Each structure stands twice: as structure tokens, then as C-alpha cells.
Amino acid sequence: MNRFILLPLALLVLFITTSTFSQTLHIVETTSLPNTFIPSMLTIVVGDTVRWTNVSQGFHNVVADDNSFTSGPPSTSLWVYEFVFTTVGVNPYYCVSHGSPGGLGMSGVITVENATGVNDDEITVEDFELKQNYPNPFNPSTKISFLIPGSGIVKLKVYNILGNEIATLVNEEKPAGSYEVEFFAIGGSVSGGSAADLSSGIYYYSLTVNGNTKTKKMVLLK
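The sequence shown begins at 512 in our numbering and counts up by one.
Hints were generated in silico from the structure; no laboratory data involved.
Bear in mind the structure is a predicted one, so any value in this text is a computation, not a measurement.
Among the hints, erroneous ones may be present.
[Said to hold, decoys possible] Pairs of lysine-lysine, DSBU-like flavour, derived with a Cα cap of 30 Å:
1. K685 x K642
2. K668 x K725
3. K685 x K725
4. K654 x K725
5. K727 x K668
6. K668 x K685
7. K728 x K654
8. K642 x K666
9. K642 x K728
10. K685 x K728
11. K666 x K654
12. K654 x K733
13. K733 x K668
14. K642 x K733
15. K733 x K666
16. K642 x K654
17. K727 x K666
18. K666 x K728
19. K642 x K725
20. K668 x K642
21. K727 x K642
22. K685 x K727
23. K685 x K666
24. K668 x K728
25. K733 x K685
26. K725 x K666
27. K668 x K654
28. K654 x K685
[What the hints assert, rightly or not] Cβ-Cβ distance ranges computed for the label pairs, FRET-style:
29. N647 x D577: 17 to 27 Å
30. E691 x G712: 35 to 45 Å
31. P545 x G712: 35 to 45 Å
32. K642 x N682: 27 to 37 Å
33. N682 x K733: 22 to 32 Å
34. K642 x G712: 16 to 26 Å
The beta carbon of each residue, even a glycine, is placed where N, CA and C say it ideally should be.
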């Protein structure tokens, strides 16, 4: 095979590789008064990049709860920090000056999902609603409601502050409608909406419909 044939093949491979693994850049900004990340909760896919920018020039930084990523010590400079997320999971983080692990104070959550092809006829991320659990804080159980406007594969899972999955509440195809699931954090087994004797703290529940995800935070007080 001569070089005139190899060159088009190489270009084709480069095109396919670039198209398959193209990244999306997501922007998170820091603000002061109040000290917060905007947006504080973000859902991305594997291979996406998140860029944090200290636009307020407050005394801020970014540190993952599990220390898997960090922007370094807090600084008042106009700093920019980027991180590429390569694995699926829930990634809580915080600012050491104004927050702490577990979602207290200035904190945020990056939820990473596998990339999936979504047709125009399928549900998009704006088309379904995940409501705040009630009561919140809760003990020993709480109710989680959600709405889907069309049929789809629905997954509702609970994670701890390290991003580890602790319970699967829903994992099946459902028709359009409103749903409510009760989550028991104390007593029972880790299935069917129950988790065995969880400790007090912050947890996250994540709803995925046809590959699109929304995540919210809840607090267990014992």
C-alpha cells in the first residue's frame, strides 16, 4: 500500500476518533456574598471537561471530597482550573475557605454519566423533573417524587458523599407519568428502596431518564 492510499486512511481514522471522543467544556464560576459555585450541581458525560473560574476574585479553591482533584490552595487571584472526568460517578467537591466535605457550605457536585445517543423523539434533560425529597432532613425514611413526560428507561439511585452507590430505587422502563418512591435509610436491605442503617450525613439521589441525569441532595439526621 503506497503513501497516497495511507494518507486518506489516516485522515479517516483521525476524523472518526475526534468525532467519537469529542469533549464538551462546562463552565463553573465562583461568587462571593454569598460564597457559592454557579452552577453548584452539574451533569456531564465521560470525557467532558469542567472549568472553574474565580471570577469574583474571592478567597476560593476547588477540592474533591475524595481528593481526586483540586485547584490547589485558596487564592484571591483570577484563577482558572480545569479537570477532565474520565469515569462514571458522583463527584462532590467544596471550597476549603467557605465549605467542607459532605456538601456543607460552599460546595458542588459533578455527576458523570456514560455518553448515550438520544433521538429527537426521546426525553431530553429539560423534559423531566426531579423534585426535592420530603421530608428533608429525614429519619428514618423520605419520599422522592419525579415526573417523566414520555416512556423511557428510568434509574433512580442513591449515593454517599464519596460518590459510592448505596441503593437503587428504580431501574426499569416506565410510561409517562408522576411517580413517588419511599427511601428507607434505616432498617431493611440495600434493595427495593432501602439501605441498611446509614449514618447521619449528606446523601445524593440521582434520576436518569434515557441517559439524561438530574441530581439532588438530601440530609439524614439520626
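Consistency of the hints with the structure:
1. K685 x K642: 17 Å, holds
2. K668 x K725: 11 Å, holds
3. K685 x K725: 17 Å, holds
4. K654 x K725: 16 Å, holds
5. K727 x K668: OK: K727 and K668 at ~11 Å, within 30 Å.
6. K668 x K685: Given that 30 Å is the threshold and the Cα spacing comes to 15 Å, the pair holds.
7. K728 x K654: The given pair, whose Cα atoms are some 13 Å apart, holds under the 30 Å limit.
8. K642 x K666: 15 Å, holds
9. K642 x K728: Given that 30 Å is the threshold and the Cα spacing comes to 11 Å, the pair holds.
10. K685 x K728: Holds - the C-alpha atoms of K728 and K685 are around 24 Å apart, at most 30 Å.
11. K666 x K654: Given pair K666, K654 holds - Cα atoms ~16 Å apart, limit 30 Å.
12. K654 x K733: Distance of about 17 Å is within 30 Å: holds.
13. K733 x K668: With Cα atoms ~21 Å apart, K733 and K668 stay inside 30 Å; holds.
14. K642 x K733: Given pair K642, K733 holds - Cα atoms ~23 Å apart, limit 30 Å.
15. K733 x K666: 27 Å, holds
16. K642 x K654: 10 Å, holds
17. K727 x K666: At roughly 14 Å apart (the allowed maximum being 30 Å), K666 and K727 satisfy the hint.
18. K666 x K728: OK: K666 and K728 at ~16 Å, within 30 Å.
19. K642 x K725: Distance ~10 Å between K642 and K725 Cα, so the pair holds.
20. K668 x K642: 14 Å, holds
21. K727 x K642: Cα-Cα ~8 Å, so holds.
22. K685 x K727: Distance of about 21 Å is within 30 Å: holds.
23. K685 x K666: 10 Å, holds
24. K668 x K728: Holds, at roughly 12 Å.
25. K733 x K685: 33 Å, violated
26. K725 x K666: 11 Å, holds
27. K668 x K654: 13 Å, holds
28. K654 x K685: 18 Å, holds
29. N647 x D577: 17 to 27 Å: 24 Å, holds
30. E691 x G712: 35 to 45 Å: 24 Å, violated
31. P545 x G712: 35 to 45 Å: 23 Å, violated
32. K642 x N682: 27 to 37 Å: 19 Å, violated
33. N682 x K733: 22 to 32 Å: 27 Å, holds
34. K642 x G712: 16 to 26 Å: With a Cβ separation near 21 Å, K642 and G712 satisfy 16 to 26 Å, so the hint holds.
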